[in-house]
Amino acid sequence: MMTTLEPLPQARFQAGDFKSDLKPIWCPGCGDFGVVTAITRALAAIGRPPHEIAFISGIGCSSRIPGYTTAYGFNTVHGRSLPIAQGIKLANPELLVLVASGDGDGFSIGGGHVAHVIRRNIDLTYIVMDNQIYGLTKGQLSPTSQRGRKTVTSSFGSLEDPVNPLLYVLSYGASFVAQGSPADMAGLAKVIEEGIRFPGFAFINVQSPCVTYGEEDQQLKAQKGKMQSLESLGHDPADWASASARAREYGTKLYTGVLYRNPNPPRTYGEGVSERQQALKKQAVPRHEILNRFMPNT
Amino acid sequence: MMTTLEPLPQARFQAGDFKSDLKPIWCPGCGDFGVVTAITRALAAIGRPPHEIAFISGIGCSSRIPGYTTAYGFNTVHGRSLPIAQGIKLANPELLVLVASGDGDGFSIGGGHVAHVIRRNIDLTYIVMDNQIYGLTKGQLSPTSQRGRKTVTSSFGSLEDPVNPLLYVLSYGASFVAQGSPADMAGLAKVIEEGIRFPGFAFINVQSPCVTYGEEDQQLKAQKGKMQSLESLGHDPADWASASARAREYGTKLYTGVLYRNPNPPRTYGEGVSERQQALKKQAVPRHEILNRFMPNT
Amino acid sequence: MSQELIIGIAGAGGDGVISAGESLITAAALEGYHGIMTKSFGSQIRGGEASCRLRLATQPVLNPNGPLDVAVVLNWEDFRRFGGELPVEPATIVIYESNTGVSPDNLPLEGVTPAEVFSVPITEMAQTHAGTDKAKNIVIIGLLAGWFGIGRASMLAGIRKKFAKKGASVVEGNVRAFQAGLEFAEAHPLEADRKLAAPQADRGAKLLTDGNDMCAAAAIFAGCTFFSGYPITPSTEIMQFLDREIWKYGGTLLQAEDEIAGIGAVVGASFAGKKAMTATSGPGMSLKTEMLGLASIAELPLVCVNVQRGGPSTGMPTKAEQSDLFQAAFSAHGDCLRPILAPTSVGDVFGITVEAFNLAEYYQTPVIVLSDQEIGQRKETVDPIDTSAFQLVERRRPTETELAKYTRFKLTESGISPISHPGMRGGNYLAAGIEHNEVGRPTASGEMHARMNDKRFRKFDPLKNRRDLFVVEGDPDAPIGLVSWGSVAGVAREALRLAQAEGLHVKLLVPKLLYPVVEPVYQDFFASVKRGLFVEQSYQAQLYRLVRMFVDLPPLVKPLAKSGSNPIQPAEVLERLREMVVALQGNRNHHQTEQAAG
Amino acid sequence: MSQELIIGIAGAGGDGVISAGESLITAAALEGYHGIMTKSFGSQIRGGEASCRLRLATQPVLNPNGPLDVAVVLNWEDFRRFGGELPVEPATIVIYESNTGVSPDNLPLEGVTPAEVFSVPITEMAQTHAGTDKAKNIVIIGLLAGWFGIGRASMLAGIRKKFAKKGASVVEGNVRAFQAGLEFAEAHPLEADRKLAAPQADRGAKLLTDGNDMCAAAAIFAGCTFFSGYPITPSTEIMQFLDREIWKYGGTLLQAEDEIAGIGAVVGASFAGKKAMTATSGPGMSLKTEMLGLASIAELPLVCVNVQRGGPSTGMPTKAEQSDLFQAAFSAHGDCLRPILAPTSVGDVFGITVEAFNLAEYYQTPVIVLSDQEIGQRKETVDPIDTSAFQLVERRRPTETELAKYTRFKLTESGISPISHPGMRGGNYLAAGIEHNEVGRPTASGEMHARMNDKRFRKFDPLKNRRDLFVVEGDPDAPIGLVSWGSVAGVAREALRLAQAEGLHVKLLVPKLLYPVVEPVYQDFFASVKRGLFVEQSYQAQLYRLVRMFVDLPPLVKPLAKSGSNPIQPAEVLERLREMVVALQGNRNHHQTEQAAG
Ligand SMILES: Cc1ncc(C[n+]2csc(CCOP(=O)(O)OP(=O)(O)O)c2C)c(N)n1
Ligand SMILES: Cc1ncc(C[n+]2csc(CCOP(=O)(O)OP(=O)(O)O)c2C)c(N)n1
Ligand code: SF4
Ligand code: SF4
Ligand SMILES: [Mg+2]
Ligand SMILES: [Mg+2]
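Residue numbers (my numbering), protein chains in the order written: chain F, 28 to 325; chain G, 28 to 325; chain V, 0 to 597; chain Z, 0 to 597.
All clues stand as given, with none of them false.
In silico negatives: residues of chain G with every beta carbon more than 10 Å from chain F: (1) Asp48; (2) Leu49; (3) Ala72.
Residues from chain V that keep clear of chain G, each with C-beta distances beyond 10 Å, as calculated: (4) Val101; (5) Thr122; (6) Glu190.
With a straight-line cut-off of 35 Å between C-alpha atoms, the simulated DSBU-like cross-links for lysine-lysine are: (7) Lys165(Z) - Lys133(Z); (8) Lys133(Z) - Lys251(G); (9) Lys557(Z) - Lys409(V).
Think of the hints as simulated: they come from the structure by calculation, not from any bench. Glycine is no exception: its CB is placed at the ideal position from the N, C-alpha and C atoms.
Using the sequences and the accompanying hints, generate a full structural model.
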């Protein structure tokens, strides 16, 4: 079981090294094209070879992304990318583990897992392509669709408030929270790179338009007009309260950049594990003697 | 299918009218005894007869509560009380629907449902008995157990931060959020009553000690020393930001009373439904003519 | 004149292929033809290849498959992508877009020379007459109306109606495009007359819909007032239809956060006394497992529709398969039984769905309806249904006397107990997933558990008499028997017809109630049978195995089973039937020889 | 002298009943006796009634049940709550706490007069000698040591060790209490000598543990380095044991937020190249369904243990049942096959768990281990296991050459393909729940789907040769055959011994590999069989039905199946065997008569 985990000597990567030759089957103009580009750029900057990267997703248009990269990919089942990714990271902490999801995959069916990977602070980079719609299944209501929105499953308008991904993850205690859009490719690649470099769980919400079922004001062009860079606003990413106040504007404002970066992030689960493994190693009896545990004891 | 949903004429109830003759099998001294008492008191004050109340729970020591009342009870499966309760409320909006859960039932396995009933603003009263432990299964780590806590499944200490139920539900947009403890019976009965009267989803976190697997500082006696009534602190329940700041102190401070009450709660899902039903009623073809929909149309 | 016409049309996503097919089948339905139309797409959401196939006939159409009488090719690359789904044979007439630049005597069709070939400047005609590429589909229906005589008048009326909102000039442009198609066809007559014969005179216009919409409509008819589910291909249209309709009937729909919550809300609505339904496909079924068990032990009625697709796991979401039968019967832990029904056609979906509600309410149980992608999404003509022939069943509610001392899980002789619901005074009880005694209180008594298990199984005994949920066709004494279910039953029926036409002595059993296995029906059916086949679209031959659990089948009854997305052809079944006949005759001769020698 | 002793002790939660039982079985194990101890509690978490039963013997103990030789009653109300679990018979010796105020000749035991009755002032003796009520259990073990001759020396040593930390005076008090018990027994000798005979000389001390701990230890032995699960009775102890141990081996444990996440993390760890396991019980299994399907199509090894309890739904969490077999085989949608193994005793759990890892890794598949509440939680003596006799299997990793052009799902002859994992250069591939081609890319080709289904089934063919996973006992030519599995197999084996002792001509088949059904084993076994019984603890006789799917059983082979928590007794099986013998003889006579007449 030979594994090569150190960066290859002198290896310098181009974004193209991370793009596979599988042709995307997204609709022409889909925002996800930009997201895969931004991810491959970020990976090139990071410099880890593709085989040391595990790229996990659920099911959805967005979840096709791993197949378009050269990393080890796992296109799992709908809503369960995080539990699986967490198993991978804990089983082999040396890997760089990326997770891709959609608004439905991540915050509807998969919503129950988010809080828990975050409070464990598993060192994953979690990229959600938020297009406010179910793309793959052809246009149903998504948890980030606005109240009142009409879709094929809300013919008379949605009766519920949308999920607020940014506010949720902040409340779960995420230490790195950012937002980007393929309308600003450089900025998107940069927050993804920062997220990967962040030692602990990193969340990146990407406003990735669905050109087929999305609404006009969610398309790249409209986004370009709306986007506000947090940096340019003088936002202090170390300030949780102000991050939370801005997060509450999700749906009305479109901030890009790093919303929150915890200056004192809690220990990751992985750190705890390896410390414990070290501390207890000496106590191990050989595996084949484990049954001695059951010798009755006077 | 005769249903009697109006309050019975002149009916005046005592707490005892809501207590069933099934003997609780909780450990002597368990906090949940106080919770069932507080609930029955609140129900007596509300004045709806038991048969108009549906009391739903999952699985856990706490989830045994419905069986100890005279309401229609449904002790469902672990973690799924909210989806089921929501089906009941939407199917018959006239019912008073209470939901009981534990910290594990509600925020571990059931955690994925909370955000969604809240953003739909389903008119339920959700009471979580938070004892920071898995009682029924005999003392495993719970999502509200403190980091470092040793239990039978965390022999060397928990490696993860706890869930923050108060902050989570605030971020989900809950319009009524309160906390209580059986150490303050009157206060607990009062917030439950307020929660029931609140027109929309109401969340009540109850610090209900587990005397068998709980820690010393979570017992009623310790709580009595720690409890701080929000009212006495001059807390303004209409102020989301201050509610959220206090919620962040969960685990270190023990506030009781109403933490947040939205002065402008969003419309409930049920309101949206009945408005829609009214508006569309006229368009209904008789059920037996529904197939005419499929007459091909030139 | 033909009694039947199979048309395949393929092109790129924007070519209007599907819309052409829909115009055709609508016209056919209006004129009283029978027909089935299936669609197929590439894996792209938009802009990939698209195709449809229509089978129109004067007699009921049992199965959408078969070689094409007509192939309409807008683009050769896209057409060829559909491979075996659009099979061109020597008898096929090929119509293709001239601008593909292919010469009629050098078509890119491996080794087949079609009967006739027409190169038609479809795009050019659309532009000339309607001023837009978008009218290509109109030109196509004009061509087909001209050559095959389907629905000229109704298609014209359809065009007028469809474009009315866009103004007179658009309408007229499209009418001209249609006429141009017609005239082209008239100017280039077919060598042999392949026009569809007139529809059977006694039948009027037919309904036209797909299995998913039919299922939703049946739910409305059955009195369903609560639906909750989560989108998943190929079942989502059921929720979409209900979202447009259910509110009108005082009902409620909830798009849940996942399949667990979806069926959870349905369990809740049922507890609250309402008829409730959810619908999903394989992966969703796998998530609903725990709730199905809860509904079984709490004895709560509900209908759960599974529009099957290829599995396991995410599998093949847009392809039909019959591989979720084992799961439908056995997914939940513990001993429990829930009835499983399967429709065999779009029309059948109506009765089966209504029956599912009836069984659910009567037996206080979840009922699974196993539809599949093909039935769910194919458009099919349906003879008008007399809804007054259907009875609706309500759950057994407690009487006033019973409420005086209410016993929710009373161990009655039938196993069916009175069921109250919140709001009913005196009916208060504790429902639970925990084993309980007669009044619903938790119990750890092994004896009570045994009695309750027994009750929960015994109550289904009357299902053993439901012969009406089985179709037997062919010669009752035949020594050769076919069994088939769901959409594939149509293939088996077609094979039966072909075999009968050849004078073969065969019969067919189509169970619509798949589980519990009704032993007597199979025993009777197999009494005369020496050889037979279970024809199914699953690797494991799931119905064959399921029936074996309860019925001793004759040793030479075997499965003819294939993984999904590999359509079983009637011809293939026929071939096997012929082999069996030969084998049987061989045996008989052999016997006779032996006897003669003995 | 006896070869066997069955002891039942019951009292209130704080009475030390369990701890008395544990001291006894520990002493017995140390001295080389065989034994099984089961515990039972009321539904309260604390303060309810508690009981234990011990069966100690010089020969292997196959089953914990049977009428009591000794009943120790601390409190009549609590004792009676256990009803049939602690059956007093005329041969039973009853020892009870004097302060219950009951007179020895008027015991509250309906209609039974026990062989001997001793009223013992247990509490008083504890107080007098140890100064505390808490020493009641020490008095009890003293009494039992005295009357039945079990482990005097080792019990004394145990007491000294247990109380060492509490100081000399506590130790001495307890030693005095033990002596007092001993002396009371010596002062009141039994009428008949019921002392346990000496253990078999050639056997030394035995291991002592329960099935859950054994399973966890076996996982460590097998090289498991990742566990994730969610607490659920009666399986949680597996996670609890691993939480104490796995880190020492560089492993990781994660208490997940639910069962889906638990198996999800395991799927992830397996993808990452590690041996990984999860454990749960019925409701948890129902939630793991979708992930099991994913692991099957992505061909990822993992072990999933189900410690079965009474179902359906929440059912009876603390009672054993064998009703999750159907689910284990068929819960996931689509066509897929995953092996199912079932241990028959605590000792057996070791080999079965190791085998589960081996099959998982070899066949790249999820493997289900079906344990049950009884095996999982009963304490049992186990003969020392020679771990060097076990081989450990690793998954088939790609060679350097294969990595040069890596084909993850290569359609090899065996169906087994090389599997890489992240970190392995050149092994990069896309795993998916979607149907895929050989390199792992999504496909919608029906042909590829058929080939992949075939590969995923075919690869298990070698399992058909695993006769070592079946135990056949008794006369190979017997016309009467029993089949049984899991914990109930012990009952069947005991019945077989009894039948053989009566000279009945019977045999027994115990499959430990339940699925896939290994047809040849059953065919061989049933070749000589005219009548037979499947002995199982489920309402539906799930193994019987499962086997029928694949094997033509002789018509007179039937199930003897009961819902959980209704223990099947060896005597009952024996009775049925006798009936079958009579029926067969009747038949034979009948035949002979006929022939004579013919
Ligand atoms: C268990 C399960 N339920 C439902 C589905 C169907 N499904 C696939 S993707 C999807 C949602 C897609 O929306 P989103 O996650 O927002 O991704 P997008 O396609 O918009 O990128 C659904 C409902 C499934 N595959 N599995
Ligand atoms: C699907 C499923 N998983 C696990 C369990 C086992 N289980 C029952 S209650 C419980 C947790 C109890 O903890 P909590 O919800 O905090 O309630 P408490 O007993 O502390 O009141 C667990 C894990 C179950 N019954 N069903
Ligand atoms: S449907 Fe929307 S999200 Fe999916 S590929 Fe097309 S544009 Fe992208
Ligand atoms: S275990 Fe804890 S929560 Fe459960 S009944 Fe006992 S004290 Fe209460
Ligand atoms: Mg989306
Ligand atoms: Mg708890």
